[in-house]
Amino acid sequence: DTGVSQDPRHKITKRGQNVTFRCDPISEHNRLYWYRQTLGQGPEFLTYFQNEAQLEKSRLLSDRFSAERPKGSFSTLEIQRTEQGDSAMYLCASSPDRGGLRNQPQHFGDGTRLSIL
Amino acid sequence: AQSVTQLGSHVSVSEGALVLLRCNYSSSVPPYLFWYVQYPNQGLQLLLKYTSAATLVKGINGFEAEFKKSETSFHLTKPSAHMSDAAEYFCAVRFNNAGNMLTFGGGTRLMVKP
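Just so you know, the sequences run in chain order A and B. Numbering of the first sequence is given in the working numbering, commencing with residue 1 and proceeding in unit increments. Numbering of the second sequence is given in the working numbering, commencing with residue 1 and proceeding in unit increments.
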């Protein structure tokens, strides 16, 4: 169990640029989640995948945000035309699907910190 | 709207003192409850989860939490604080009608004085 891996750890970009983050979940976990955490706040849910299916995306902050998980393994989160307000930590988490048990904890990566100049 | 409230954004205790971090949720149906800890520039690490098998849940690093349905609370405690406990603590709730998303409280920063 190598844990959830996120890349890059830090991203600095100019306003208006597109950015893409990658998340590799724990290998046997078929559920994958993206959260955003701004300074001094708790994480805020963005979207969720079960295998390659994106089952919840209504919480994505705008149409500039999109996520994929094409083969049900790693996932990418893309932000187009970045704005100052997009500066935050973007966290990925994964969890197993064990017979519908709803108390399975989500395991988090160390996040990607995005800074918009 | 369903929400999670952590009373006290900052808590300061002396080393060896009792730690009490508060968490209340708004739901008439008991949800699924978790506590996470976050060290600077890191992700969240699971401390413990409520399983409904027992109201008092033991976690890692000597932490435990008690579920009180009547008070809609899930407060986190540790009998004796260590310097290494200084971190940000988050209560997280999976509400029953909210799919698999977690709703987090605003967090409590624990400071431990020598």
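Honestly, the hints are just simulated from the structure, not real lab data. For every residue, glycine included, the Cβ atom is placed at its ideal position computed from N, Cα and C. Incorrect hints may appear among the rest.
What the simulated footprint calls covered on chain A by chain B, stretch by stretch (three residues with Cβ under 8 Å from a Cβ of chain B suffice, anywhere in the stretch; the number is not a length) [to be verified]:
no., segment
1, 32 to 41
2, 48 to 60
3, 65 to 71
So, going through the hints one by one against the coordinates:
Under a criterion of three residues with beta carbons nearer than 8 Å to beta carbons of chain B, the stated coverage of the segment 32 to 41 of chain A is upheld, 4 such residues being counted. A count of 4 residues in the segment 48 to 60 of chain A with a Cβ less than 8 Å from any Cβ of chain B is obtained; the coverage claim is therefore met, three being the minimum. Coverage of the segment 65 to 71 of chain A by chain B is violated. Counting CB-CB distances below 8 Å, 0 residues qualify, and the rule asks for three or more.
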